[in-house]
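J.: The residues making up each chain are set out below.
There are 2 protein chains.
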Amino acid sequence: LANAHGAESTSGPVLISARDATQSGAQAQQYLLFQQELDRARKEVEAAIQAGIQVPTPKDPGGGDTHEQHKRNYKSIYQAGLLYRITGEQQYSDWVRSLLLAYADLCPKLGPHPAAANQTAGRLFWQSLNDSVWLVHAAQGYDAVRDALSAQDRGRIDRQVFRVMAKFLSDDSPQVFNRIHNHATWANAAVGMTGYVLRDTELVDKALLGLDKTGKAGFLKQLDVLFSPDGYYAEGPYYQRYALLPFVIFAQAIQNNQPERKIFEYRDGIVLEAIRTTIQLTYDGYFFPINDAMPDKSLRTDELYQAVATAYQVTGDTALLSIAQWQGRVVLAPEGFAVARDIAAGKAQPFPFASRLLRDGPRGDQGALAILRTPSQTLVMKNTAQGMGHGHFDKLNWLLYDNGNSIVTDYGSARFLNIQAKQGGRYLRENDSWAKQTIAHNTLVVNERSHFNGDLKTAEKNAPEQLFFAGGGATQLSTAEISSAYPGVTFRRTIAQLTISGYESPLVVDVLRATSATPAQFDLPLHYSGHLINLAVPHKSNVAARPVLGRANGYQHLWVDAVGAPSSDKNFVTWLNDGRFYTYRVVPPSGAQMIFAESGANDPNFNLRREPVLIQRVTNAANVTFVSLLEPHGRHDGANETTVGSQSGVRALRYTRTADADVVQIELADGRNTILTIADAVDGDATHSVNIAGRPRSWQGHFGRFDQ
Amino acid sequence: LANAHGAESTSGPVLISARDATQSGAQAQQYLLFQQELDRARKEVEAAIQAGIQVPTPKDPGGGDTHEQHKRNYKSIYQAGLLYRITGEQQYSDWVRSLLLAYADLCPKLGPHPAAANQTAGRLFWQSLNDSVWLVHAAQGYDAVRDALSAQDRGRIDRQVFRVMAKFLSDDSPQVFNRIHNHATWANAAVGMTGYVLRDTELVDKALLGLDKTGKAGFLKQLDVLFSPDGYYAEGPYYQRYALLPFVIFAQAIQNNQPERKIFEYRDGIVLEAIRTTIQLTYDGYFFPINDAMPDKSLRTDELYQAVATAYQVTGDTALLSIAQWQGRVVLAPEGFAVARDIAAGKAQPFPFASRLLRDGPRGDQGALAILRTPSQTLVMKNTAQGMGHGHFDKLNWLLYDNGNSIVTDYGSARFLNIQAKQGGRYLRENDSWAKQTIAHNTLVVNERSHFNGDLKTAEKNAPEQLFFAGGGATQLSTAEISSAYPGVTFRRTIAQLTISGYESPLVVDVLRATSATPAQFDLPLHYSGHLINLAVPHKSNVAARPVLGRANGYQHLWVDAVGAPSSDKNFVTWLNDGRFYTYRVVPPSGAQMIFAESGANDPNFNLRREPVLIQRVTNAANVTFVSLLEPHGRHDGANETTVGSQSGVRALRYTRTADADVVQIELADGRNTILTIADAVDGDATHSVNIAGRPRSWQGHFGRFDQ
Ligand SMILES: [Zn+2]
Ligand SMILES: [Zn+2]
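Note that the protein sequences, when read in sequence, are chains A and B.
Quick note on numbering: the first sequence equals residues 1 to 708 in the numbering used here.
Quick note on numbering: the second sequence equals residues 709 to 1416 in the numbering used here.
This is chain A alone, in the form it adopts within the complex (with noise of 0.2 Å):
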């Protein structure tokens, strides 16, 4: 192997460039952000110094003390590693070496973890994927001081450590290694980085091509298919993240070591688009939290201090210095110590977040997350494929943000991630029962069961159809369409942002047609985020005694609060966010009703957040069109006790349907209207005209947008 850092004897690192790690080192005074990581390191090492080698067999799942301590560690051998490059001082090489010689005696003894829960167990953490994550920072600490050791110490680790992991992870778990999944992306990553340290091509080679090297699995194949032609992660946001750091960081070891291999710019720079990808999955930092996600994971976290700090170094783009600044932190390795630099010499530009079509899928064929973007809003709809096990029975859904907020929401999963009391930190049962159900998305149910009859076969082979994509201008909009979520039922669904002037925020179309071979019941659910201060629909309130909304399919998690019939004028209910109010505005089926609900029922164990949600209901129809306005409008400031602009500035909301088109007309209170048209025709620039209150209207395309 030839290292790009000119390593020439056997032990000298290659996953870092000494030189580089010697400067950050000798410079990082004049960086602050880089400083504080040297800071932060020191004083968290020297703490686990302190508390001196704690090496535990292991016991405990997620959450628990023995799961905790080998975390711990293996971010002490990271970070002591990379702090004895970076300041020479012997006390960090001494750390990782008493460290590791602890895991020497441990690790050739260890057989699977006995809190394992399922086939994957790992040695020294319940699940093998937490053994990865382990060897791939142990790994990249042990190589930074593995000159510093005596051979003979050199030796035992080699042997009783990284060789003893990276067989465990590779030819011994050959069900995990050569998966397509990111579990087997750590375990490539994870046995790759070892083959490099340990200068073992047998090693390096399985990790890029699999088990046996034919390259039907392995790192390059999971390049090809984990990732869609846009660098969408088929999970989903919040695995997209997690799933970014093995590729990222092997990646980058790859190009150090075998640069003729030019990995970044294998599969036209999927690791780099993946990176840049993972940036626009986020509002105000934040990922959206669609499938199994944790509502409170943004940038700033390891994986992408790491992913930033990489792209960089490999672009150049001034645009990842603004990602680094809202970061606040730099990873501790000389790609940081760059971004810190260039970010002191005010190169920050800001990042091109922007509407986006995200396809799904390796060849881009399975349905796209659609991102429609303003200044000050941010509208998502998830017309993705199922996105496997995390994924959730949502063809279709949306997501809003506005002014700093989530309004229209999504449960992400139900979990407390870590937390031993609720149930170890797994998964709860309400994360099948509650979270990833329909009725749990804005989007539409029929005959109160899930997408797909919540079956997750079935949803892995039918996607959605992005059928249209306008990002830009005044008019933004998306239509998708599935036909495979219930049997004999088709529903199509264009959202559209339309920017009107005087209004600081756009206002959101929604329009939901379904047509079913039966007659059915249709819900159409919306979560949203707020106090409710109008409920303009008649309605009549559950005062003493809360019904349970169904039976199953996370219906039976519903406390119906009131149950409502909206009108042609009686349409609408505002709510106040943060001191902005936002009116949902609807042109009510025949018949329809409209429910008001919460989340908690049968929850006996206090499992559930308690989330409002609406819902319009139809029933015994064979086909619906739910027509609905979302309209962000006004001010409340309560520290300065001011109000503006609480009343809806809509009069009337209208819809027709002709024989080819959709029609919605908008009509303010200042008497200006909006009307926006949508054929049927998604494809080419034919010309379509409707009649609109006697006057013929024309336009080219899938839409059209009048306002007078």
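Warning: the hint list may mix true and false statements.
Stated by the list, open to error - The calculated DSS-like cross-link candidates involving lysine-lysine, where the alpha carbons are at most 27 Å apart (straight line), are:
| no. | chain 1 | residue 1 | chain 2 | residue 2 |
| --- | --- | --- | --- | --- |
| 1 | B | Lys970 | B | Lys921 |
| 2 | A | Lys457 | A | Lys221 |
| 3 | B | Lys767 | A | Lys570 |
| 4 | A | Lys59 | B | Lys1278 |
Simulated from the structure, these hints should not be mistaken for lab results.
Following the hints, put chain B with the ligands in place on chain A, whose structure we already have.
T.: What follows is chain B with the ligands alone, placed relative to chain A:
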């Protein structure tokens, strides 16, 4: 009248120094904080000028269009007046002139406001309080430009705006003007400031001494009576903040025009003491939301910008500068300029937030607000008097803040201020039926009735007794008692904050002992903020139908989620708030239940926030002692996916009653023990003894603390 600013003419400014204002303008650019105010005011006034004169005939209640427009107008008159003085630009005096001439057309024609809801109808606004606020601001704006107007305009505005409004608020409103109440303070200030501006000694004297000028009413009397000797305002922090402004601004006017009155030395400097106390009534800048309070009120409010600047002008106390830094705002006046200048000069010192006992009542003998502080935690025990019509029935209630968050909460008021759809922004029906009721607080409820049976007159006559207060050191403690809240029932409560090594925040011990002449039901609610993660108390959940807890006195608003029976070891619940765990552990009295409930029942208009509460309940007992321990522990970092200390560090909580003392023993998991002893005797330093686990312990005074 002599004027401190040396205004010789009969039209020059008397409420602001013309020379200082000019100087502020000349040097503004050097001081960012002041320049920002100047820019903001310019922008706002210029927008108002753009929008044109709008002085509508009064019609709407609070939050309505005419209400908001007249509010904007007084703000604009005030700002434009100051801008004229600071910049010398005529466009600003012209604007004030035009607005006031429009008011000169309107004011003489006005009768009682058409939307008036009670006997204190205003003219421009639905209640005369708003008219007073209007006049306080308009007088300042007018004063600043008065010498720039023609004698004719001046005469017209003097007569048709200021004399009309001053007469309405004084001679024509004796029922307001002569009251002892903050509405009267506003009226006094408005009339008195108008008096200075118009050079009318008669108006000033009435403002200072009441309509009959005997001193039985008026501003000086308000100063005698409305604040306690510790500067605590009877209605509580929310209204204290609001009440403060007329005191401060009128005192400043008196000082400028009648310095011989030495108004800032009046009653041992009560105005300045009230300002300092107002600041003490906050956590993280937010006011304790006791009584009728909006929870989003912080020190970032106009009243406090003025108070801080005035106090700094009078005292030069540089601790006030750090408050202004937190506010990020200064008043657009010379006193605000001085604050901005001295902050820029680096003179700011930390404000001395401290444990404080704030006595209530004009003579300080009507209970007290006890505040216990440590660097990470603030505990408030509400042992005050009722505090008039905005008071809640919450004697011996407590609140806890920890780690930057509200942990043991107070609902505040049920009101959506200035939101028209919510009953015009007025107090909602639920303010009486829920927010004021005892069960909505963290204090004892007997037989499901509120304190004083919810009767304000009875409540006003009976205050709790603050028996003991120790602020400072490792054990801070407050003891209070009341025997008038329920006939035949006396209850005493000690709350202590115990600093324990190894804990970031203190542990809180709560001992509440009640005796009743007849057997009764005792409920002790705890309203907490966070998500339950461990409910160790054996309980039965109401999974599919939630009953309502009771029928009246607030109980009708609680849904019952579960009912539990704590035992001596299964006696705790743990919740998570912002990454920190809180374990609430009790020594269950014999037969005690623990009820888990949520607000929101019998709330057809969605007026209530939905918040959790747990209730310890003992039925059919003549006396009861509730002993509870609240333990903040551990850290959950969702971003880094790490968790430490999620389990309580307490192994056992024990309680013993001796002949004359309560003994609480906390046994930690690491084997340490902390014992708190509380003698019945609260005075003197008599020695008390108890035997604990066979070992004699003695202490002097009300309480003892023994760590072993
Ligand atoms: Zn979801
Ligand atoms: Zn209250």
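J.: Each hint should be assessed against the structure and marked as holding or not.
T.: Now the hints, each set against the structure:
no. : hint                  : result
1   : Lys970(B) x Lys921(B) : holds, 19 Å
2   : Lys457(A) x Lys221(A) : holds, 23 Å
3   : Lys767(B) x Lys570(A) : holds, 25 Å
4   : Lys59(A) x Lys1278(B) : holds, 26 Å
Violation of the numbered hints given earlier is absent; every hint is satisfied by the structure.
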